[in-house]
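Engineer: Start from the sequences, fold in the hints, and give me the full structure.
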Amino acid sequence: AQTVTQSQPEMSVQEAETVTLSCTYDTSESNYYLFWYKQPPSRQMILVIRQEAYKQQNATENRFSVNFQKAAKSFSLKISDSQLGDTAMYFCAFMKRNTGGFKTIFGAGTRLFVKA
Amino acid sequence: EPEVTQTPSHQVTQMGQEVILRCVPISNHLYFYWYRQILGQKVEFLVSFYNNEISEKSEIFDDQFSVERPDGSNFTLKIRSTKLEDSAMYFCASIRGDEAFFGQGTRLTVV
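Protein chains in written order, with this note's numbering: chain A, 1 to 116; chain B, 1 to 111.
Fair warning: there could be bad hints in the mix.
To be verified - Pairs of lysine to any residue, SDA-like flavour, derived with a Cα cap of 25 Å:
#1 A/55 to A/32
#2 A/73 to A/41
#3 A/96 to B/54
#4 A/78 to B/101
#5 B/57 to A/16
#6 B/83 to B/3
#7 A/96 to A/41
#8 B/83 to B/68
#9 A/73 to A/7
#10 B/42 to B/79
#11 A/103 to B/5
#12 A/73 to A/48
#13 B/42 to B/73
#14 A/103 to B/96
#15 B/78 to A/54
#16 A/115 to B/86
#17 B/42 to A/7
#18 A/55 to A/17
#19 A/78 to A/51
#20 A/96 to B/99
#21 A/103 to B/13
#22 B/57 to B/19
#23 A/73 to A/85
#24 B/78 to B/13
#25 B/42 to A/48
#26 B/42 to A/22
#27 A/115 to B/40
#28 B/42 to A/86
#29 B/83 to B/26
#30 B/42 to A/2
#31 A/103 to A/16
#32 A/70 to B/79
#33 A/55 to B/5
#34 B/42 to A/16
#35 B/83 to B/56
#36 B/42 to A/65
#37 A/103 to B/73
#38 A/103 to B/30
#39 A/115 to A/72
No lab work stands behind these hints: they were computed from the structure.
Structural biologist: Structure representation (C-alpha cells):
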C-alpha cells in the first residue's frame, strides 16, 4: 500500500525567506503523480504544484518549486520569498491510477507559519 | 475556469439524523471522489465512483454511507444515521486526466 509521510508537523519562516517542506512516500509503482496542496484557514484545498513521476525535471510554479528525487521517493516543496498569505496547512499527496480510476493519498500535513 | 461546487458549505445536524452532501463535479470529468478531513487531521479517502458505480471504498465507508449520481450532474454523499464522529470537512473531487479538482468542502457538524 502507498503511504505518504510528512515529518514536519509545524514550521515557521520569516517573511521573504525561503522554506522547504519535506515529503517522502512509499510505492512500488513507477507511474504516478505527486502534488502539494495548500489548505488555508478557510479549509479549501488548493493545488500548489504537481509533478509527474516520469518527468525528471522538477516542477516550478512561480515562488513554488519541488525537489523530486524518484529513487529516494522524496518530494519536497520549496517556497521562496515567503509571504504572509502562504500561512496554511500544506499537504503532500500521491496519486496513481488503479482499476477504479485514480486514488489520491495524503500525508498528515505540515502547518506553515509565515512571520512578519 | 470550471470548478467543483459543493453545497451546503456548512451543515449542522442532530445525531442520528440523515444528511445528504451535494457536489457538482466538472462536467466532462469521469471519476468522482469523496474525502473526509476530521478537524486537525489528514485528508482521508472515502470512496471513488466511476461509470455510475463505486469503484473503490475505504474502511471508513461503511453501511452508513452511500453515494449516487442521480441525474448525471450531481454527485451525493448520504450518511444515514449521523454520529458525533462524523463531524468533519467533506471534500468532493473530480478527475479527468491526472489532476484532482477539489470542491470547497462541506463542514458537517453533528451535535
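Engineer: Checking against the hints above, which ones are violated?
Structural biologist: The structure breaks hints 2, 5, 6, 7, 13, 15, 16, 18, 21, 23, 29, 31, 32, 33, 34 and 39; every other hint is satisfied.
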